[in-house]
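Protein chains in written order, with numbering that gives the first Met the number 0: chain V, 0 to 466; chain H, 0 to 460.
Honestly, the hints are just simulated from the structure, not real lab data.
Predicted, not measured: the structure shown is a model, and the values here were computed from it.
Take these hints with a grain of salt, some might be off.
[Said to hold, decoys possible] Derived DSS-like pairs: lysine-lysine, alpha-carbon spacing no greater than 25 Å straight-line:
#, chain 1, residue 1, chain 2, residue 2
1, V, K151, H, K156
2, H, K116, V, K338
3, V, K272, H, K48
4, H, K48, V, K338
5, V, K168, V, K463
[What the hints assert, rightly or not] Partial list, derived from the structure: chain V residues whose beta carbon lies under 10 Å from chain H:
#, residue
6, L28
7, F110
8, L254
[Unchecked claim] One-sided and incomplete, this derived list gives chain H residues near chain V with beta-carbon spacing under 7 Å:
#, residue
9, K116
10, A126
11, A241
12, S260
13, A268
14, V345
15, N349
16, V352
17, S375
In this text, a Cβ means the ideal position worked out from N, Cα and C, and glycines have one as well.
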Amino acid sequence: MIRTIAKKEIITAWRNRTLRLLYIIALVLMAVAVAGEYASYRRQREERQLAEQEKRQQWLNQDPKHPHIAAHFGNFAYMSKSGLSLFDPGLDAFTGTVVYLEPHRQNDLSFKPAEEQDASLRFGQLSLALIFQVLFPLLIIFMGYLQFTREKEQHTMALVYSQGLSFQKWYAGKLLAMLILIAVLFLPAMVLVYGASLWSGSLIQSLLPASLLFLLYAVYLGIWAAVTLLVSAYSHSSKGALLLLLCGWTLLVVLMPKWAANVGDTLHPLPSKYEFRDAITRDINQGINGHDPRGARALALEKDALARYHVDTVSRLPFNFEGYVMQAGEAYSSMVYDKHFGRLQRTLRQQNDISLWCCLANPYMSIQQLSMALAGTDYYTHLDFQQQAEAYRRQFVQQMNGDMMLHSKAGDWGYAAGRHVFEQVRPFRYHTASVTASLKPYVLSLVSLMTWSLVVLLLVIARKSSL
Amino acid sequence: MKLMTILFRHEWLLLRRSPFLMTSMLLFLLLAGYGIYYGRESTLLQRQKISVIADSVSRQQQRYRQTEDMPSLIRWNYSFVAANPPAAMAGLSLGQRDLYPYYYILNAQSLYVQTLKGDINNPFKLAAGSFDLAFVIVYLLPLLIIAFTFDCLSAEKDRGTDSLLLTQPVKLRKIVLGRMLFRFLVIGGLVILVSVTGVIAMGAALGVYGRHAVLWLAISLLYTACWYALIFALITLRRSTAFNAVAAIGAWMVVLIVIPSLINLAVSAGRPVAATALAGLMRSRSMPETDEATKRALDEFYRYHPELGPLDTARSPWFYFQGYSAFLALNDRYDDQQVEAFYAAVRERNSIVRRLAWINPAVNTQSLFNLLAGTSLDDELAFREAVRGFHNGIFWFSNRPLFAGRKMTSLDYSHQPLFQPAARPLAYRQLITGVSFLLLLTMLLAGWGWRRLRETAGRVQ
Numbered sequence: 000m001i002r003t004i005a006k007k008e009i010i011t012a013w014r015n016r017t018l019r020l021l022y023i024i025a026l027v028l029m030a031v032a033v034a035g036e037y038a039s040y041r042r043q044r045e046e047r048q049l050a051e052q053e054k055r056q057q058w059l060n061q062d063p064k065h066p067h068i069a070a071h072f073g074n075f076a077y078m079s080k081s082g083l084s085l086f087d088p089g090l091d092a093f094t095g096t097v098v099y100l101e102p103h104r105q106n107d108l109s110f111k112p113a114e115e116q117d118a119s120l121r122f123g124q125l126s127l128a129l130i131f132q133v134l135f136p137l138l139i140i141f142m143g144y145l146q147f148t149r150e151k152e153q154h155t156m157a158l159v160y161s162q163g164l165s166f167q168k169w170y171a172g173k174l175l176a177m178l179i180l181i182a183v184l185f186l187p188a189m190v191l192v193y194g195a196s197l198w199s200g201s202l203i204q205s206l207l208p209a210s211l212l213f214l215l216y217a218v219y220l221g222i223w224a225a226v227t228l229l230v231s232a233y234s235h236s237s238k239g240a241l242l243l244l245l246c247g248w249t250l251l252v253v254l255m256p257k258w259a260a261n262v263g264d265t266l267h268p269l270p271s272k273y274e275f276r277d278a279i280t281r282d283i284n285q286g287i288n289g290h291d292p293r294g295a296r297a298l299a300l301e302k303d304a305l306a307r308y309h310v311d312t313v314s315r316l317p318f319n320f321e322g323y324v325m326q327a328g329e330a331y332s333s334m335v336y337d338k339h340f341g342r343l344q345r346t347l348r349q350q351n352d353i354s355l356w357c358c359l360a361n362p363y364m365s366i367q368q369l370s371m372a373l374a375g376t377d378y379y380t381h382l383d384f385q386q387q388a389e390a391y392r393r394q395f396v397q398q399m400n401g402d403m404m405l406h407s408k409a410g411d412w413g414y415a416a417g418r419h420v421f422e423q424v425r426p427f428r429y430h431t432a433s434v435t436a437s438l439k440p441y442v443l444s445l446v447s448l449m450t451w452s453l454v455v456l457l458l459v460i461a462r463k464s465s466l
Numbered sequence: 000m001k002l003m004t005i006l007f008r009h010e011w012l013l014l015r016r017s018p019f020l021m022t023s024m025l026l027f028l029l030l031a032g033y034g035i036y037y038g039r040e041s042t043l044l045q046r047q048k049i050s051v052i053a054d055s056v057s058r059q060q061q062r063y064r065q066t067e068d069m070p071s072l073i074r075w076n077y078s079f080v081a082a083n084p085p086a087a088m089a090g091l092s093l094g095q096r097d098l099y100p101y102y103y104i105l106n107a108q109s110l111y112v113q114t115l116k117g118d119i120n121n122p123f124k125l126a127a128g129s130f131d132l133a134f135v136i137v138y139l140l141p142l143l144i145i146a147f148t149f150d151c152l153s154a155e156k157d158r159g160t161d162s163l164l165l166t167q168p169v170k171l172r173k174i175v176l177g178r179m180l181f182r183f184l185v186i187g188g189l190v191i192l193v194s195v196t197g198v199i200a201m202g203a204a205l206g207v208y209g210r211h212a213v214l215w216l217a218i219s220l221l222y223t224a225c226w227y228a229l230i231f232a233l234i235t236l237r238r239s240t241a242f243n244a245v246a247a248i249g250a251w252m253v254v255l256i257v258i259p260s261l262i263n264l265a266v267s268a269g270r271p272v273a274a275t276a277l278a279g280l281m282r283s284r285s286m287p288e289t290d291e292a293t294k295r296a297l298d299e300f301y302r303y304h305p306e307l308g309p310l311d312t313a314r315s316p317w318f319y320f321q322g323y324s325a326f327l328a329l330n331d332r333y334d335d336q337q338v339e340a341f342y343a344a345v346r347e348r349n350s351i352v353r354r355l356a357w358i359n360p361a362v363n364t365q366s367l368f369n370l371l372a373g374t375s376l377d378d379e380l381a382f383r384e385a386v387r388g389f390h391n392g393i394f395w396f397s398n399r400p401l402f403a404g405r406k407m408t409s410l411d412y413s414h415q416p417l418f419q420p421a422a423r424p425l426a427y428r429q430l431i432t433g434v435s436f437l438l439l440l441t442m443l444l445a446g447w448g449w450r451r452l453r454e455t456a457g458r459v460q
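Pulled out of the complex, with its shape left as it was, chain H reads as follows (with noise of 0.2 Å):
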């Protein structure tokens, strides 16, 4: 205890007296607190205007509930927003978020071709990514905890004071690790402090979003001990400073950019999903305005519905709309099967990039926080099948008094379809598998360590 005692007391005057390590720190709050700040700002941005598109479509409404009762009219003008709030915890995971648009604004049109038509856009900064926290502590943290620790035992060799060390009735490896341990100690209070910055910053209720915010520690806490363990390894392959330093970096190099930029490469050569196949979904398909089309059209969309067909042979004075109606919901199914099918796909190509992802501990830590924010592909496709839902009930919302064949009634505004965002619990699953594969790396990482240590003790190299 005595030991630990001196040891942490000198490490605390060495890291005091080292410029380069108290700039690192201040350097990395800095970000940090950028990182807040723009999740922040970001996700702030994103409801407010969610708000005021929201405010502007209900005032719409109001206006066409007071003057309009055709449900015919009332198909192409009277509007509805579906909204993809960022999640309380969004700010700061940004991740996939930025690509997707926010909300939709929906009439009974076919689905495809009021969604598909791209958003605004600028692909440079969405190339360059979003400068968040979990950026701050995915990419950069693991450059402080080099800065921290490649010297920790080569310094030493440096200095000549190891064989000096060796001497000493303490075992080097008493004085490694508890060297290490303070140094993991200043870097953890960092991660802390940051983290609970962020998690308060971001507005969360603690009493919804407690569990949410526990495991963001565990998880940033987790990436830091991995990395320590990996330095840790390293470090005891007793080289030089310089060697330290250089394969520190090879392996900050190796794990944030060159083995995830070939999985990503192998992906997208090997197993291509072409979206543009459904670049045809867009298009505004026209009916023939004839009776026999029309009347196809009603007799396909009967057998679907045949609770909605009509009664005796006598046309409907709206004949023509319920035809075309009958039209968009038959093409709206067939997209729907495309869609659903480029969909699987992709969710397939993805489960096979996750299990290939779950052995970097970067690309692993980054999809974590993905799924405690909320800013998941998976979370994106629950929305899309959110909105598909909602649209349903948009098309009957006019379409039912349509081929009823009456007017719009006060009941039917008041029953108006409301947007169900998808409910997303915690993915429990893939959080227990990327945790104990960050786990495990780091058991496996520090264990090798601790045996070179051991083996190589006595040494002086």
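Same shape as in the complex, but just chain V (with noise of 0.2 Å):
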């Protein structure tokens, strides 16, 4: 019986014209999301690897020099464009996409792509993501809206249950028509994200990923769909179920996400970059209790190295004690930043926890945010590259400054370190991570698609099959 009225209702809708002219726009739409961010996410990549060349061969020619102020020659930390970001970029128009790594200080993300655009960009990019999250409903509600009101406003409602029909099987056969209507433009996207990776070889990363994300898509769309077929069976007439399930729209998708990210804002104001580094710089100056100054530090530090050492001027240590002092100090205000970086990304999270939170009343900012992190593109991944290019940065500050501890002696500043010496230090490479530890802090998202569904379910088996 399913099966029968899932067919009448396919027919049917395939008989409008305008449907099929939605479709044919919905695939050419399609196509061109996914040719374009093809494109620009073949050009980023190849900016990058030469960029990344260009620097590493820089860093490797330097002259030889003091292992200390080669270091602050610098490195780079060059964040790699998702393969899954050409389904959706998320916020890599917004995140820096380059770091400068240099000792003494931890620099922020530099070069958003969206500084060097006007007004137009803040419209956001055509994506699949954008298709499937924001059009795709509009799709459905248009298709769905009508389905129960219009057997209401055409008196077929009695017909249908006088043969016996219980409205759950009716439903179900309506949703199901529904779903395959979605699935003859969801099939094609996915073939061609599958094929794009295939392409540009990144298939086999993004295979665990991008199969979650369809599931997730099409839980996603399954939940518009058994909305809007319910609103259409609550309604009394075809207008109200439309208007209802378009304020519905406009709300969840246009009104609510803005509105979350701006209070997160105003609620947990960020620091200015110069009270944040004004905070680091006296931590570093007077101790991070604001008890132990730098010049206690560093007779503390002497003395304890004379003592460990068994002899009574530093001249007599094995080590250049300048380079020790160095790594003291870099090792404390390692300790500083964390403290403060620390205090950041809380200050950060408590903003983005007002979205989180939203998403348990709202499905598209779950799938929103659930699509950025198995794409690569979501905030927490942005933290990760950060902290990651932050570990790099110390640990070859640590080797510079480790080889002027051992092979220089205290006020040579004229040892000179060479190649080999420049070359002990790897490039920077970014890990990603896990698919279970890219959904980790979204768990409340995944949860509010399951209460969807479930509250839907309920909805449906409820409903007493009566005009």
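Hey, can you piece these two chains together into the complex? The hints should help.
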């Protein structure tokens, strides 16, 4: 029975010329989105590789110089674009793409692609994710709002019920028809994404997240279809159902996400860079607890080293004491940075948590977050990159200071390290987080999608088969 | 005239009795209020932070002035602030401002080493964008207009009163127009209300910014008219209420999401501008501390500044300091060329985007708002240009005494460089072009609808 209903609904829908036209437009948009995102993915990957190589060569080809001065020449960490960014570019336009790594300070990321464009950029960039998240729900509303109200308005409802058909079966038939109609558009998109990943050579890494992504999108679109049908079933008129659904769409897709992000910004303001740096400098100079000034720390360090090696002056130490002081200073400043960056990250998380909590009420925001997470273009991937870059910075600076400590004498700034020392610093590589790790911050979003599915199911079961 | 009075009274009753329309209006006002509040708060916060920073830097300057007179040290330790405070109307349309640092703290070190190293941001918030009045007008106002007008004509058909209406001696056109006019007045009133509230809340001095305020109002009303014309053209197709609703929302989506996002995709894929190439400018480059390298830098430097060259062959006691400053100046010179080429590419790309955006009323209106608010990309580029000029002044502030081989004097301090923000007069050419496109589109749509209404007037469909 369910199959018969579904077949009838699909035939009816397909007779609609407007719908066929919409399908063609949607397919064209999807193809354009993938082609465009693929082109920019390829270009950015090439640009990044070129820049990385160039910077690496400059590092290696420095004149022989004192290792600490060489460390000041610095290295770079470039954010690599994930393979699935061609599906969902997420925050890529708004996170910096490169960070400069130098001793004594942790820099922020530079060069957000959005900085180079004017107002139009803020309207978003076309991608499959945008099409699925924003446009498809509207298409679903257009297809589904009158599914039941029409039966009421044309007085066919009584006829159907008199045949002994239950609402649940009828609903299941209609839902099946809608899902098949959506799948007609959804499947080509999947093929496009898998194809593009294969083409760009990232298929193996993308296979699991991409498949999960499609599963979650199927659930998301399923929720829209189910809710649309349900609203249609509970509404008295087609117009009422349509208005309710459109208002819901506006609220969930246009209003809530922006509002939540802005409220977060107002409630938990970020410090200015100046305040932030100032606090760090203060902590480094006066001690992280405020009672341990720099000079006292240096004295204690000296005393400790002398005692440990049983000598009476630093010149008798078996290493360059200046290098030792530098390493200790670097370790201390790292501790201070950790404290302040930890605080900053907390503020940022508090800002974003408001959006995360809103996910519970909003499947659009849920899928938006999950999609970015799986595509590797969300906030936490960006943070992970920043942290890996910082770990790399500390490691290479320590490496250079270590060389200074072991191979030069105190006060001897004439010591020069050469290419073989520079080569010991490995180039930076970003290691992608596992799928489970990238989904971890978004458990609430997953819960939201499941809850929505469950609530819809209960409402369908609860509905009586009557007029 | 009498007809209009009857119509308006009837419409007023309908409006008052429609919970849907009343709620929409109320919601619109609330959201506009929030937008104004958010814009005001974020600009106030920026102004406040700038003043704190300026205070603190000026206290530091004070300290150095009293204790230090060696130009070689002043070079690195005596800092200046170049601030870009939000313009008076910035809070109404925050535009691109949230993407850029709104101040720089600078000394005589290389400019780009100091300005390129990123800022503290929340990328998630940046992607979501600002909830300011411009957002409420550009995105939400059309939805309110759609809610008010989509069943202007088809509601008669739904109730079966359309044929009754045609039996009356009054022309259908007049009724439709009267209705649209009433609804336009209501929405126009709301637009004026929120705009005036916004301008007052920003505390802009009307003597200076009166013109901006009037232009803001005019552009908002024109944008409203444009959407009215679009919906008017749509309802003259005389289809069902549901079709109108679907088509109107579809049009909203095409104008606000599909077209702009397509343009952005085309631009980012087709006309790449790679800022990453500038990353190398952040690198602290050091000159080998040898006589030879120092002399080479100085020789080249004196070619650009022969007036500073030494009069005899005796080596200055500040030879190495001078050499390093020369090295920095030469680096900046080279970097400037790279940065300039980059900005030229950015400008060129944006002029293409701008031309494409004119046909889209939403992007066009947003750009016009940013123009009035002083929050566009061009404003930012002008600020950076001014920063570059200022940095040049900062370089010479300590380096002129250094090359003259003397210490800093109180005269040097009293003539220390002051940051001159870029003077940005209203870009009338851009304004006129943008407004013309908006006007043209409105007239085309309204004209088309008017013709259709005349042609199909007597028909009951």
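Please check whether V352 of chain H passes as an interface residue: C-beta within 7 Å of a C-beta belonging to chain V. Hint on V352 of chain H: holds, closest Cβ of chain V at ~5 Å, below 7 Å.
Minimum Cβ distance from S375 of chain H to chain V below 7 Å? holds, 6 Å
Under 7 Å is the threshold here; is the Cβ of S260 of chain H close enough to any Cβ of chain V for the hint to stand? holds, 4 Å
Does the closest beta carbon of chain H sit nearer than 10 Å to the beta carbon of F110 of chain V? Holds. Min distance 4 Å.
Hint status (Cβ of K116 of chain H to nearest Cβ of chain V, threshold 7 Å): holds, 5 Å
Any CB of chain V closer than 7 Å to the CB of A241 of chain H? Holds. Min distance 6 Å.
Would you settle whether the hint for V345 of chain H is holds or violated, based on the nearest Cβ-Cβ distance to chain V being less than 7 Å? holds, 5 Å
Restraint check for K151 of chain V with K156 of chain H, where alpha carbons must lie at most 25 Å apart: Roughly 19 Å separates the two Cα atoms, so the pair holds.
Does K338 of chain V sit within 25 Å of K48 of chain H, going by the straight-line distance between their CA atoms? Between K48 of chain H and K338 of chain V the Cα gap is close to 23 Å, so the pair holds against 25 Å.
Tell me if the interface restraint on A126 of chain H is satisfied: Cβ within less than 7 Å of some Cβ in chain V. holds, 5 Å
Go through the hint on N349 of chain H and say holds or violated, using the shortest Cβ distance to chain V against 7 Å. holds, 5 Å
Is K116 of chain H within 25 Å of K338 of chain V, Cα to Cα? Distance ~21 Å between K116 of chain H and K338 of chain V Cα, so the pair holds.
In terms of the numbered hints stated before, the structure departs from none.
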